[in-house]
Amino acid sequence: MHPFQYVAAKDVQEVVSLLEQYGDRARCMAGGTDVIVQARGGRFDLDAMVDIKAVPEVMELTLNGAGLRLGAATPCYRVYQDDKLRATYGGIVDAASIIGGIQIQSRASLGGNLCNASPSADGIGPLMVHNAVAVVAGPKGTREMPVDAFCVAPGKNAMTKGELLLRMEVPAPAAHSGSAYQRFIPRNEMDIAVVGVAVAVTLDAKGETIQSARIALAAVGPTPILAKAAGDSLAGKPVTPENIQAAADLAIAAASPIDDMRGTADQRRHLVGVLTKRMLTKAIERARGAA
Amino acid sequence: MVATDKQPEYKVLGTRPIRPDGVDKVTGRAQYGADVRLPGMVYGTVLRSPHAHARIKSIDTSKAEKLPGVLAVITGANMPIAESKDVEAGEEVANYRDDSNRVMAHDKAGFKGQPVAAVAALDMNTALEAAKLIAVDYEVLRPAINVDEAMASDAPIILEYLVGDHLGEDVPNTNIAKHARHIFGDVDAGFKEASVVVEREFQLSTVHQGYIEPQNATAFWNNDGQLTIWTSTQGAFWVRTSVAGILMVPTSHIKVVPMEIGGGFGGKIGVYLEPLAALLSKKCGRPVKMQMDRKSVFEATGPAPAGKVKVKVGVDAKGKITAATADVRYEAGAFPGASIGPAAGCIFAPYKVENTYIDTYDVVVNKSKSAAYRAPGAPQVAFAMESLVDEIAEKLGMDPLEFRLLNASQEGDRRADGPKFPRIGNIEVLQAAQASPHWQSKLEHNPSNGKLRGRGIASGFWFNGGMKSSVNINVTTDGTVTLVEGSTDIGGSRASISMQAAEVLGLRMEDVHAYVADTNSVGYNDVTGGSRTTNTSGLAAYNAAQKVVTTMTARAAKLWDVKVEELQFEDGAFSSKSDPELKLTFKELATKLDQTGGPVGETGSAVGVSGAGGFGTHIVDVEVDPETGKVDVLRYTSVQDAGKAIHPSYVEGQMQGGAAQGIGWALNEEYVMSGDGAMENATFLDYRMPTAYDLPMIEAIIVEVPNPFHPFGVRGVGETPIVPALAAVANAVHDATGARFPQLPIKPGRILESLAAKNGS
Amino acid sequence: MVQDATVKTHVKTTINGELVEFLVEPYRSLLEALRDVLGMTGTKEGCNDGNCGACTVNLDGRIVDSCLVLAAEVNGKQLNTIEGMATPEGLHPLQQTFLEEAALQCGICTPGFLVAAKALLEKEPHPSEDSIRFWLAGNLCRCTGYDKIVRAVQKAAETPSKGSK
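Sequences listed follow chains A, B and C, in order. Mind the numbering: the first sequence is residues 1 to 291 in the working numbering, read in order. Mind the numbering: the second sequence is residues 292 to 1052 in the working numbering, read in order. Mind the numbering: the third sequence is residues 1053 to 1217 in the working numbering, read in order.
These are calculated hints, taken from the structure and not from any lab test. Fair warning: there could be bad hints in the mix.
As the list claims (entries may be wrong) - If you only want the chain B side, here are some residues facing chain C, beta carbon under 7 Å, derived: (1) D326; (2) G553; (3) G948; (4) L976.
A virtual CB, placed ideally from N, CA and C, is assigned to each residue, including glycine.
Whole structure, please, built from the sequences with the hints as guidance.
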């Protein structure tokens, strides 16, 4: 492995200058569970590893009426041990609970998962269906973009030289909302998703009609996919098995999976249908249970 | 426990003491091979071929040698060309020329990951960076990566000096290293008598033993020509012999120190790093430590062979097997030596069959040379036969357990590879399985959660090896003994060997201090493997202990001035048969050794008897999600004949561990190979072994049908546990889904396809 | 200020309650620092990429894979490793039950399991079998099939605490 220096950055400015100075020869490190493996595996040669965990902005976890501010390096375990977070953002907690095992979750962050931009990432779909926004800092200051637009290609995100992800901002859901995420894996833990589906729904006060729905798919395209037509098709529709099936069929149509060692395209399409139905059902159940 | 014979009242055997090396292992103090730290130690690494099949035209190491911190670089040019000669090696047959080539390619790379150069440097990162600077000029050749490709008429010849043995005839220019045939009776006549004949072909992928500890070796070649090797190995004496053969130095120049070992399962018998560390040390004059990374462990150590197994079985109207044939083709890897012999011996072992015909092929392919993996050669053929038996029983409308009982092999029946069974416990195991709570319980096939449940059963056999062991026992004046042995302790063998000595000596296990010694300090010991250690190292300890008793009795006679014949040793005490006043415990007599002739120490040797064998039957309940193909194992019972369970907890441990490996082999484990011979899933992420969250508790039912060739009746137990598991799981998934799975692993995608085909969608 | 990558980093940390100082290259992992620099070889390497848990240590109260922590990161932090689990007074209840229940065969995964299980029992003193298995999913064992490991954790959970570390 190419020897790199380690810097525990104290503030955002320091990170930005280092990233500007070193360009591709530096990486930000949050939990390190992707970037250390990649550096060791020779995916890139680094001169500097910039540990951002001492930068207060990226370690934030604030939940209030306006929504959730989740620092980019906040580890998964802080996400899933928060009961209020779990009640409001079920799908995000689902994802945080299953990325790797307990050891990984002590370190890995949803922000890191997002920046890593793997097509099969567990944490991105749930952020997307919750309309999360990525807040990025760089040489020209701070900017925002929807998480939907953050991943541009397998392993590639939309940030440019000198930029780092500060946090994700997730708006407070409307009343009678619920979300869920599930992935299909051959074992019970520790695997990369063969297919992952995240769903967020908002129901009417009676819990019988879907006011809005968002569905996102993992591991069936070069980036996580927002199945917009599938989600939109449920707006104003009553909760029935037929409507859920129809949405699942539209989700399948939105997927563009490939054959790889984790699964075939046919298998993946089938699983998109199965998981979409299951996650719609679960999100609706959670929405009905929510205040 | 189900004991079939009336057993003596043992004091120590059958109890569950805490193992002697336990405290060191739960505190992290135990020293494994990678924990070795020596003054002046430097670090070595290996450069490996990126191609599955290539000629090595030239290697330029000059840039690597110039890197600051680099102390030595070696290539195949530094390896002597050893003689091509077959040598017994535990459960395998080895060839020094092949092994020399395997550990460092001479002029050709036969598998991706084959070492082509090695570097020693002051620190590991420098060694890794130096390896990148070595320039190798390859002529890439077309690879043959499975038996079909390697056996095709236009196949590229992989090992140019190989002369194949095809039914006794020497055949050059081939990838078929061996074609052997076993014939008994008349299968044509047998099939004519059959009312049902079923033939199926089964396919298995390469799988790995999956030990958590990667291979390691540290070597120091001193100025006096003495080479010391510290390594995590299943057999220090085999390392010594092997390194001597590969490097062409006398065995007397080599001392091997066996460190603790983090799992082997047969995969840590062959050497990989030892000769390289030795040569690097010779070149730089420092101790050189080497350790494999996980990717190299997958790509370049010895997995279990992939293969194709075709089986045909005929049964008469009553359900009795009248004939059975098999065609077994195993991928040896880049050098010959897949376990086709054991395949022939095990495939029909649970059944009495008069008419058998078996063809076996050991086929060289462009993959790393396969090695033993827990009952090498048996799980694959058991998967085939036990799946087929399940299908036949279903066709006949017979209970699969009753079918096995009807056809069960017994003492005196002949195995399909020739030997007759001595006393075995096949029927007793089947009966215990039948009586088990698991088999007696009802399974709800269509539970309310919408999933499908099924139950499967399968049997299996392993011969169990004998081989040679040697043990020294020395009596300490406080009445304890030291027991010096040469069997690496992979799973509690210090305890089981000590317990056998303790039983003879009338001591507690805790009074027997067992040490695993290096090759200079104890007599010859074959590997810890082959399910032979508790049996044969135990027998050596038994023999040594008996000698100690004899010698101590003579000492007592001297002390009391009586004839030896008047004395006896019972319940841990020496006493006169005629005079009850004359009595001393072992401890008491031990304090008087100096007065009666000095220290007492004895060596016990044993050549164990192979073939007494252990049978197992497994029962498994699974639940299948028909929408995703996911399989969950709900309940598992392993029933096995241990002869005599010395330490039941460790016998249970073998049974549970083997079952877990078999479940992984059946459901998820496989080498995903690219067309040009690269393993695509060489990490624990994508080579999917079961985690704690994937398995239920595993019930282990021990049956005891004594081994007639061991004084305590001990049968080996280490390998049988994996053999029935593959088909047990496959049969359970069949019971749940109605589909058969002739190809492993039974991945969710395959289940979905089968269900779709079944439902006509 | 970014120094030359060949200059070692000075790390001051607390390991098993003791203040420890050492020098290490900035690109090396905590696992390497423990084993090769400090000679604390109780923590093991199995895969070096976070998939087997053999390198599990406790960092500031959370179990982590030390192969995926840079040594330089632990400056000023609290580390607990397998070496700190027993005291001169005795073994930790988990170490004792692992021995009694024969929850180890080759023992290479055992330190990782013990550190992980200790953290579980500190968080959840009486976990269900399902909770135990889920918590330990990140620790691979190839020898035991996990049955006796789970039983050992259950047995330790029933053992009244003797106030050990």
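Fill in: Interface hint outcome for L976 of chain B [beta carbon to chain C under 7 Å]
holds, 5 Å
How about G948 of chain B: closest beta carbon in chain C under 7 Å, or not? holds, 5 Å
**Message:** Holds or violated: the hint that D326 of chain B contacts chain C, with Cβ atoms closer than 7 Å.
**Reply:** holds, 4 Å
Quick check on G553 of chain B please, does its C-beta sit within 7 Å of some C-beta on chain C?
holds, 3 Å
Going down the numbered hints, you'll see the structure goes against none, and every one checks out.
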